[in-house]
Structures are given as structure tokens and as C-alpha cells.
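Please model the complete structure; the sequences and the hints are all you need to start from.
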Amino acid sequence: MDPPRASHLSPRKKRPRQTGALMASSPQDIKFQDLVVFILEKKMGTTRRAFLMELARRKGFRVENELSDSVTHIVAENNSGSDVLEWLQVQKIQVSSQPELLDVSWLIECIGAGKPVEMTGKHQLVVRRDYSDSTNPGLPKTPPTAIQKISQYACQRRTTLNNCNQIFTDAFDILAENCEFRENEDSCVTFMRAASVLKSLPFTIISMKDTEGIPCLGSKVKCIIEEIIEDGESSEVKAVLNDERYQSFKLFTSVFGVGLKTSEKWFRMGFRTLSKVRSDESLKFTRMQRAGFLYYEDLVSCVTRAEAEAVSALVKEAVWAFLPDAFVTMTGGFRRGKKMGHDVDFLITSPGSTEDEEQQLLQKVMNLWEKKGLLLYYDLVESTFEKLRLPSRKVDALDHFQKCFLIFKLPLQRVDSDQSSWQGGKTWKAIRVDLVMCPYERRAFALLGWTGSRQFERDLRRYATHERKMILDNHALYDKTKRIFLKAESEEEIFAHLGLDYIEPWERNA
Numbered sequence: 002m003d004p005p006r007a008s009h010l011s012p013r014k015k016r017p018r019q020t021g022a023l024m025a026s027s028p029q030d031i032k033f034q035d036l037v038v039f040i041l042e043k044k045m046g047t048t049r050r051a052f053l054m055e056l057a058r059r060k061g062f063r064v065e066n067e068l069s070d071s072v073t074h075i076v077a078e079n080n081s082g083s084d085v086l087e088w089l090q091v092q093k094i095q096v097s098s099q100p101e102l103l104d105v106s107w108l109i110e111c112i113g114a115g116k117p118v119e120m121t122g123k124h125q126l127v128v129r130r131d132y133s134d135s136t137n138p139g140l141p142k143t144p145p146t147a148i149q150k151i152s153q154y155a156c157q158r159r160t161t162l163n164n165c166n167q168i169f170t171d172a173f174d175i176l177a178e179n180c181e182f183r184e185n186e187d188s189c190v191t192f193m194r195a196a197s198v199l200k201s202l203p204f205t206i207i208s209m210k211d212t213e214g215i216p217c218l219g220s221k222v223k224c225i226i227e228e229i230i231e232d233g234e235s236s237e238v239k240a241v242l243n244d245e246r247y248q249s250f251k252l253f254t255s256v257f258g259v260g261l262k263t264s265e266k267w268f269r270m271g272f273r274t275l276s277k278v279r280s281d282e283s284l285k286f287t288r289m290q291r292a293g294f295l296y297y298e299d300l301v302s303c304v305t306r307a308e309a310e311a312v313s314a315l316v317k318e319a320v321w322a323f324l325p326d327a328f329v330t331m332t333g334g335f336r337r338g339k340k341m342g343h344d345v346d347f348l349i350t351s352p353g354s355t356e357d358e359e360q361q362l363l364q365k366v367m368n369l370w371e372k373k374g375l376l377l378y379y380d381l382v383e384s385t386f387e388k389l390r391l392p393s394r395k396v397d398a399l400d401h402f403q404k405c406f407l408i409f410k411l412p413l414q415r416v417d418s419d420q421s422s423w424q425g426g427k428t429w430k431a432i433r434v435d436l437v438m439c440p441y442e443r444r445a446f447a448l449l450g451w452t453g454s455r456q457f458e459r460d461l462r463r464y465a466t467h468e469r470k471m472i473l474d475n476h477a478l479y480d481k482t483k484r485i486f487l488k489a490e491s492e493e494e495i496f497a498h499l500g501l502d503y504i505e506p507w508e509r510n511a
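Those letters in the sequence shown? Residues 2 to 511, per the working numbering, in order.
Note that these hints are calculated values from the structure, not bench results. Please note: incorrect hints may appear among the correct ones.
What the hints assert, rightly or not - In silico DSSO-like pairs for lysine-lysine, Cα to Cα no more than 30 Å straight-line:
(1) Lys221 / Lys123
(2) Lys262 / Lys410
(3) Lys277 / Lys266
Unchecked claim - Computed spacing ranges between beta-carbons, pair by pair:
(4) Ser71 / Arg49: 45 to 55 Å
(5) Thr385 / Glu228: 45 to 55 Å
(6) Lys388 / Glu237: 46 to 56 Å
(7) Lys388 / Ser276: 42 to 52 Å
(8) Asn79 / Phe328: 47 to 57 Å
(9) Glu468 / Phe52: 46 to 56 Å
(10) Lys285 / Gly338: 36 to 46 Å
(11) Ser276 / Ile485: 52 to 62 Å
(12) Trp321 / Gly260: 26 to 36 Å
(13) Asn79 / Lys483: 49 to 59 Å
(14) Gln414 / Asp435: 33 to 43 Å
(15) Met270 / Leu242: 19 to 29 Å
(16) Ser302 / Gln248: 15 to 25 Å
On a predicted model such as this, the values are computed, not experimentally measured, just so you know. Ideal Cβ placement from N, Cα and C applies to all residues, glycine included.
As C-alpha cells, this is what we get:
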């Protein structure tokens, strides 16, 4: 739903003059006749406003000195849509139509492009309060848009990939990652929850007033938000990015098979680059780490959706050669609508297979790919799943299904037949792939768990425990009050058991 916007101005009232000395654009200089901009001076200052007006006019934009009936776009800096409507109300300006209310970043992007750019959620100033005023009939009755109570649980919020607060969420993602590297779990969770709730907001945080009533934003988090609002960056994030330990752990963990313990060991030994690590003869690497180094350049590059779809076709082809009735579902970020990822996950289940056929499938697929030269590395982990075992109480618990972590040799001709686009004449790319085989009656739980996001799943399990007295994991849902396992044929049924509205996969990007 489009955010509420302010309205065109009625000619019956006198408009406030903000800067009378500036000359309006002459008709011959205007390239974009249908777009009329007014820049609000409030919180911006006269000098900066004049500078932006001049820049925009040079690029062919029509910029008005004063607010007029013809204005189609009101641009403001460090103001919310509510602040702009308040300003209109204080100025006793009557309104009758609807110009766009936009952050100054939109105008700056337009100036950079030399033409109007598309308005997205990050540009629009959202009105979140009811500014209806019976004492001022000239002001339109804005529909009440005050924030409904935002849940502390990601599973009760709809989070798409349209992030209006990326400057804040990027900061908290970095801080959370640094805490994870230092094994500071409490602070890591604090920053992850803050980033998660900010990603779900349909408006951009412009001032600290906009954070009122939003959960998961403690005093520490709010201090960081305030600093970013005022200075455009966080000194704490800047310090982390310049921290030698963070840089080293970020680099080391980018290698397939390298975790925190190995990173700690290498850092304490004085290593700071991968070239030094690889050339040290005293170090012994696991099979997984050797493969990680061997195919490093491919594995650290992003996997595109086209590449993921090509892998998907080859996975289905191989699985169906042995189990024709199997369901093969791409999970993870790609199921949530992402266009890029670092690996590709698949859930495999078969309604008509025996337990032996299920257990033998992944090994058969590995053997087939080895014969075809499509397998660069694999690690097959056997199932330890027990049907009567209670779900794990840990929110980050791994499941016990049979799974295979592998590096797939994807022929580039399956992605793009145009050989000129292949880098350095290379005909294939190494892709990280995870295959999970689960019993058919547990497919809904496995699909929900492997779809993610990580924070969505953490909060879903936390909600089940604290709000419903149930235990949920990738295997099952257990009602502690009734002391029974709750069956589910679909994700929708799991949400229903928990008393939650169903959240589509593309709305789980928490």
C-alpha cells in the first residue's frame, strides 16, 4: 500500500516565502515539465537549500522558490512525512491534492542521473500519525496511520527485501557479526533483533521520534541510530571495520570449512592474509578446507538466480533418475525471493520411497555426478533422526536429517550459451550446494526450517516456546500442555497450530 502523502495547495491561502532571492527556473531551461519540485528549508538550512535548488535547475528540473499549486514533489531533509504535514499545518496552508513527500536523497539521485529516477520506499516520507484537525478544515483528514503495535517476534512481522533502513541495518549486521566472531552471544542477539525489526518497517527512520514504540531497540541500539542520523555513520561500526581481528576473522571464515575456532587459531599464530596461511607448511587442512582454498575465487563470488536455477535443473534430473516421484524444492534465500546468494539449498522428499531408498539416494546422486565430472567435493552426513525424539529447545539447533554438503561443478553453458560472457575462457563455475533428505511426513517442518531467514526461524521457535508452550524445530512441533506431537502437511498448518497468520516465504527476510 502506498504511504499517505501530503496534498496540493489551495490558492485561497497565502503561501510562506522561504527564500525570495532565488530565481525560478526559466521555461527554456526546464527539461521535465511534468515535475515541479519544492525544497523545504526546515532542518536543511538556507545555504544548502539554495545550493540544491541551483544544482537541480542546472540539470533541467523545475524548482519553485515558494510553495505553489503546481508543486508535484515536496523534498525534505531529516524530516518525516509527519513533520512535513505538521509544517503545513503550522503555516495554515490549505491542501486539496496530493504531491509526493520525498527525502532529499531522491533529488540528489535525480541530480546525479540528470533525470528523474524511480521513487522507491526508501525515498518516500511516510505519514504515520493522524494529523486530522477539526479546527483547521483546510487540512485534509489523513487516514489514521499510527504504527500498529509491532511485535518483538519476526514471525509476526512481514519482512520483504524492500529495506527502507539499510544504513541502520547494515550497521547492526556488522556489529552482530563482530559479536559472533568474539562469541558474545547476548550482544550478537541484541544487534540481530534490532536489524531484523528495522528491516520490517515500511518507513525510513528520519529522527529519533520515529523509533518510539518500536521493540528491540534498547538504549545502546538507539545511541547508534541517533549517531547515524546526526553524522551519517556510526563510530563504533567504523572502529569494527578497521579492527584487525574483525578483518582477519571475516577473511578466514570466507573459506569453505573454516569456522571460529580455526580463525582464532590462525589469528593467534599471527596470520593476517590467506596467502600466508596457504603457504605455511606447518598447518594441516581438512578435506573441506583444501577444497575451500582450491575453489576460493568461485565460492566467494555470489551465486546468481540463473545459476541457482541451472543447478536446480541438474539436481532434479539426478534425483528423478532414482526416485521419479520425489519432490525437490529450492530453499534458503532463493525461496525467499533473493536474486543472489552464496550457496544453493535443496530439500528432497519422496512420498513413495522406502526408508532404504531414502538413505541410499544422496550417495547414488554423488556417484552419478562423479561419473559425469560434476562433483568437486562432497561430505555426506548420515541421518540421526529419531521419530519419537522431542524437538530441540535450542533456537539454533541443527536438524538430524541426512544431508550432503558439496561443491558442484556447474557447466556455464547450462546458464548462458554465449561463450563471450565466460570469464577467462573458463567453461564451469564451482557452486556450494547443500542437499537435505527428509522423511515425507516431516517435509513441512523441514521446509519451514530450511527456508529461513535465520532470525525468522529463531523467533518462530522462541514464539512457540514462550507464547504457545510448544517446541518447534525442523523435525516436529510438540505441544507441552497436551503432550502430543502436532501433525502438519504444509507450512500453513504449522502457522495455524501456533495461532499465527501465515507469512509467505518472500515475507520472511528478517
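These are the hints, each one checked on the structure:
no.: 1; hint: Lys221 / Lys123; in the structure: holds, 24 Å
no.: 2; hint: Lys262 / Lys410; in the structure: holds, 29 Å
no.: 3; hint: Lys277 / Lys266; in the structure: holds, 14 Å
no.: 4; hint: Ser71 / Arg49: 45 to 55 Å; in the structure: violated, 24 Å
no.: 5; hint: Thr385 / Glu228: 45 to 55 Å; in the structure: holds, 47 Å
no.: 6; hint: Lys388 / Glu237: 46 to 56 Å; in the structure: holds, 48 Å
no.: 7; hint: Lys388 / Ser276: 42 to 52 Å; in the structure: holds, 49 Å
no.: 8; hint: Asn79 / Phe328: 47 to 57 Å; in the structure: holds, 51 Å
no.: 9; hint: Glu468 / Phe52: 46 to 56 Å; in the structure: holds, 52 Å
no.: 10; hint: Lys285 / Gly338: 36 to 46 Å; in the structure: holds, 41 Å
no.: 11; hint: Ser276 / Ile485: 52 to 62 Å; in the structure: holds, 57 Å
no.: 12; hint: Trp321 / Gly260: 26 to 36 Å; in the structure: holds, 35 Å
no.: 13; hint: Asn79 / Lys483: 49 to 59 Å; in the structure: holds, 53 Å
no.: 14; hint: Gln414 / Asp435: 33 to 43 Å; in the structure: violated, 24 Å
no.: 15; hint: Met270 / Leu242: 19 to 29 Å; in the structure: holds, 23 Å
no.: 16; hint: Ser302 / Gln248: 15 to 25 Å; in the structure: holds, 20 Å
Going through the hint list in order, the structure does not satisfy hints 4, 14.
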